[in-house]
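Chemist: Chains H and E are the protein sequences, given in the same order.
All residue numbers for the first sequence refer to the numbering used here, where the first residue is 1 and numbers rise by one.
All residue numbers for the second sequence refer to the numbering used here, where the first residue is 1 and numbers rise by one.
The set of hints was computed from the structure by calculation and includes no laboratory data.
It does not matter which identical chain is meant; a pair holds if it fits inside one copy or across any two.
Once the Cα atoms are required to be at most 25 Å apart in a straight line, the calculated BS3-like pairs of lysine-lysine come out as: (1) 60 / 3; (2) 69 / 3; (3) 105 / 69; (4) 221 / 198.
Note that the coordinates shown come from a computational prediction; the quantities given were computed from them, not determined experimentally.
Number of protein chains: 2
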Amino acid sequence: MDKHCIGIIGGLGPYAGLDLVRKIFDNTQAIHDQDHLRVMLHSFPSDIPVRPEFLLGKTKENPGFAIGKIMLGLVEAGADVLAMPCNTAHSPAILDVALQSIAHKNVSFVHIISSAVDEVCRISTPASRIGLLATVATLTTELYQKALLAAKRIPVVLDPEDCQKVQDAISNDTYGIKAHSNPVTATVKNILEAAAEKLAHKGIDVLLLGCTEIPLALTEKSYFGIPTIDATKTLARAVVKAIAPEKLKA
Amino acid sequence: MDKHCIGIIGGLGPYAGLDLVRKIFDNTQAIHDQDHLRVMLHSFPSDIPVRPEFLLGKTKENPGFAIGKIMLGLVEAGADVLAMPCNTAHSPAILDVALQSIAHKNVSFVHIISSAVDEVCRISTPASRIGLLATVATLTTELYQKALLAAKRIPVVLDPEDCQKVQDAISNDTYGIKAHSNPVTATVKNILEAAAEKLAHKGIDVLLLGCTEIPLALTEKSYFGIPTIDATKTLARAVVKAIAPEKLKA
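Let the sequences and hints guide you as you build the complete structure.
Modeler: Right under this line is the structure:
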């Protein structure tokens, strides 16, 4: 029996955690229950302070400490590969603090920015223009921009006003994805499709969904003729590949 | 901060585990991530021997021991309310063995047969006829039949040949739900809808989906004019009610 165990830091948000687990299952070759990989999801949203507020300097409470505690709990429960379906929380200011909690443990962490940029590189050539849909905090920390530039791709972002609209689609209390995840509202789909169209008009070769809430609303493989990468799906595939490459679906 | 924690015994099958967690989220009043309840899902399908084989006497390996170990792991990781989205595994021959592992722990177990029959009683009057869709093993152990009779409802089951077709819809290696969960195949939908129709023709007041794989295929609130109860959804609502009744959606 394969005793590897995947540990998912959930709750950021809860439906993004589920979405990653589902995509791990979806990308695993399995006919019987027993063919699936061992996965733990710990979804403790009320333990984790809001990420953007910290990254944008509105609070000093670093969510990395709570995330680190959840990571340690997963390791103590038996996980040897961890993943966290939240791009914003991969900002070094948060992630580096979290990872300190498991610094001396025998566990690997699969990084969503790396898995997404690897997939960008697989389907595009150097100097390709990559349109980014992400939270304001993720864009402000330039997580993806730096990683894309290092991979010789050109990040393309929306104008600030449109970035704020994308943020609203995620976190608006009335119609946003956090408040209505299943199903998402028509308002959210309209905002995000309009944002994708604006990026397409800027001239892009790939559209990258760099926030794990966005694929809950945008589920197609291409928008406006632009091949679209779902960062959550790249993370799911990277996790399966890390422990059972022979089970990764084509 | 509310420190209750729900522990889900997943992997029986993996998608049924996800479906329960999703229905817990769906039935929780929440606008922000932090409003959601704390949930752990431990999906270890390769640890758990096949349930029907044991219940039908084809093997002596009781899956209750593996399930008990997972229950204990959830409790040690902090869960104080457990639920298991698999009707078949609620057979006393399995469940009683599993529960021994947490006999002296401060934890409650929310029972899917009880939550489903409570919902049957809420929407029907005594002497109502309740159509049952379930695995052959669940029907053979008469789990639901006994519980429904105790609640003064009349269980109605398919003829053996049709029960076998429902079992096939769940576990056939080529087209069954275990092999193709997302999306399920058209073959499976056709088989299960035909089975529901046959039950409807037998004269029933309520259709009860008493296998946690079936709601992955049959997702409507009624079939052939018969109000339909999804046992997984009743379990999700019972779990939310157990620890945060004020958060249960109407």
